[in-house]
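With numbering that gives the first Met the number 0 applied, the sequence shown covers 0 to 409.
If you are wondering where the hints come from, they were derived from the structure by calculation, not from laboratory data. The beta carbon of each residue, even a glycine, is placed where N, CA and C say it ideally should be. Among the hints, a few may not be true.
Taking lysine to any residue and the SDA-like style, the derived pairs with C-alpha atoms no more than 20 Å apart in a straight line are [to be verified]:
1. 37 - 5
2. 37 - 185
3. 78 - 262
4. 37 - 155
Label-pair distances were calculated between CB atoms; the ranges are [claimed, not checked]:
5. 180 - 313: 45 to 51 Å
6. 169 - 287: 27 to 33 Å
7. 128 - 237: 16 to 22 Å
8. 237 - 182: 56 to 62 Å
9. 179 - 120: 51 to 57 Å
10. 287 - 324: 22 to 28 Å
11. 401 - 290: 39 to 45 Å
12. 334 - 179: 55 to 61 Å
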Amino acid sequence: MTALDCDVLVIGGGIVGMSTAYAITRAAPGTRVTVLEKEAGPARHQTGRNSGVIHSGIYYRPGSLKARFAARGAAEMVKFCAEHGIPHEVTGKLIVATERSELPRLHGLVQRGRENGIPVRELGPAQIAEYEPWVRGLAAIHVGTTGVCDFGAVAARLARLAQDAGASVRYGARVRTIGRRPSAVAVRTADGTVLRARALVNCAGLHCDRVARLAGDDPGMRIVPFRGEYYELVPSRASLVNGLVYPVPDPAFPFLGVHLTRGIDGGVHIGPNAVPALAREGYAWHTVRPQELAGTLAYPGSWRIARRHWRYGAGELRRSLSKRAFTDAVRRLLPDVTADDLTAAPAGVRAQAVLPDGTLVDDFLISQSPRIVHVLNAPSPAATASLPIGREVARRVLETLGAGRVRGAR
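Kindly produce the complete structure, drawing on both the sequences and the hints.
Here is the structure:
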């Protein structure tokens, strides 16, 4: 039999991939782990291009992986950042109803928070002003366990901890082909390097469905990329926002709406909206990859989303193309803001799993086949939940190897 290069190959160097590598090395010391990341460093896509919010878990269906892992992950993430000197702050946040039609959904979030074990405080207009003097609303809830951190720095630290425990992290290693044998999995990278392992973990984010198909598995879904565009307040107006302010989300969508986030650097990010991206890494309208776009357009689920949610999509598109329309959306929460107060900030792309019938997959989705674990849907709050997600993926892959038991993160 051909010698193996390692025990586990992890494809993807975002926060979930690095957390998985870290969890494997902690659960089963001596397990040889290699992480393959196509970029020159970690966390270059979803992990490094989000708003940096440590989510509480209030939004998610009780009992779901998102609800369980976000609530647990938020506490673990704060502890991890504190222990490793990573910038973070537990700021709390407001979820604000600006119209009477939103009040029933706001009250529903109170109940959901309690079911998920998350303490919330209900506020009237005067109490909103105690937290955010410039924000206006009919009612709000305060969620004290929400915070902010530098998820890119977390991913880099997880990579270093995994490497200190013996893992190898290879940057610039784009996976081209995957071959499977009864006793091993082989990967060929773009430079012709072949690596063989006992098992493989697919944490490829925006490309996870493609990696699954490279491995010969039908993922049963497709990643449809949605770009989230951000603005930030000019420094002279950053005092309009003290912490985190969110609208009441529409339960029909996994997106949380345009919100206000004071980051760890003191700047205030506003966004994101959600518009179709024309490439999996399409961070601007001018970034078009015809083959990827053709794949999205050929997928039945894409058209079914469009037919079902065209009105919502039209509003998002308008806010993308018109700064004035975006400003109007912000003014629902922050009436004193003007278009001149907003300056463009880097965009992100959400890797959203979509089923063939057009259903947006709402929970984290992890699947398995012989010798492979696929992470097929891990958008927000996956960064918050990355430590428990990593342990869960590690548990599954180690079971296939008959090794170890996953311990808690430190």
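Hint by hint, here is what the structure shows:
Among the hinted pairs, residue 37 with residue 5 is consistent with the structure: their alpha-carbon atoms are about 19 Å apart, no more than 20 Å. Restraint check: the Cα-Cα separation between residue 37 and residue 185 comes to about 17 Å, which is no more than 20 Å; the hinted pair holds. With a C-alpha separation of about 18 Å, the suggested pair residue 78 and residue 262 falls inside the 20 Å cut-off, and the hint holds. Restraint check for residue 37 and residue 155: satisfied, since their Cα atoms lie roughly 15 Å apart, inside the 20 Å limit.
For residue 180 paired with residue 313, a C-beta distance near 50 Å keeps the hint of 45 to 51 Å intact. A C-beta distance of roughly 29 Å is found between residue 169 and residue 287, which places it inside the suggested range of 27 to 33 Å. Distance hint check: the CB atoms of residue 128 and residue 237 are about 18 Å apart, consistent with the given range 16 to 22 Å. In this structure the hint that residue 237 and residue 182 lie 56 to 62 Å apart at CB holds, the actual value being about 58 Å.
Between residue 179 and residue 120, the C-beta spacing of about 52 Å keeps the proposed range 51 to 57 Å intact. Distance hint check for residue 287 and residue 324: the Cβ-Cβ separation is about 23 Å, which falls inside the suggested range of 22 to 28 Å. Taking the beta carbon of each, residue 401 and residue 290 are about 40 Å apart, inside 39 to 45 Å as hinted. For residue 334 and residue 179, the hinted distance range of 55 to 61 Å is satisfied, since their beta carbons lie about 58 Å from each other.
Going down the numbered hints, you'll see the structure goes against none, and every one checks out.
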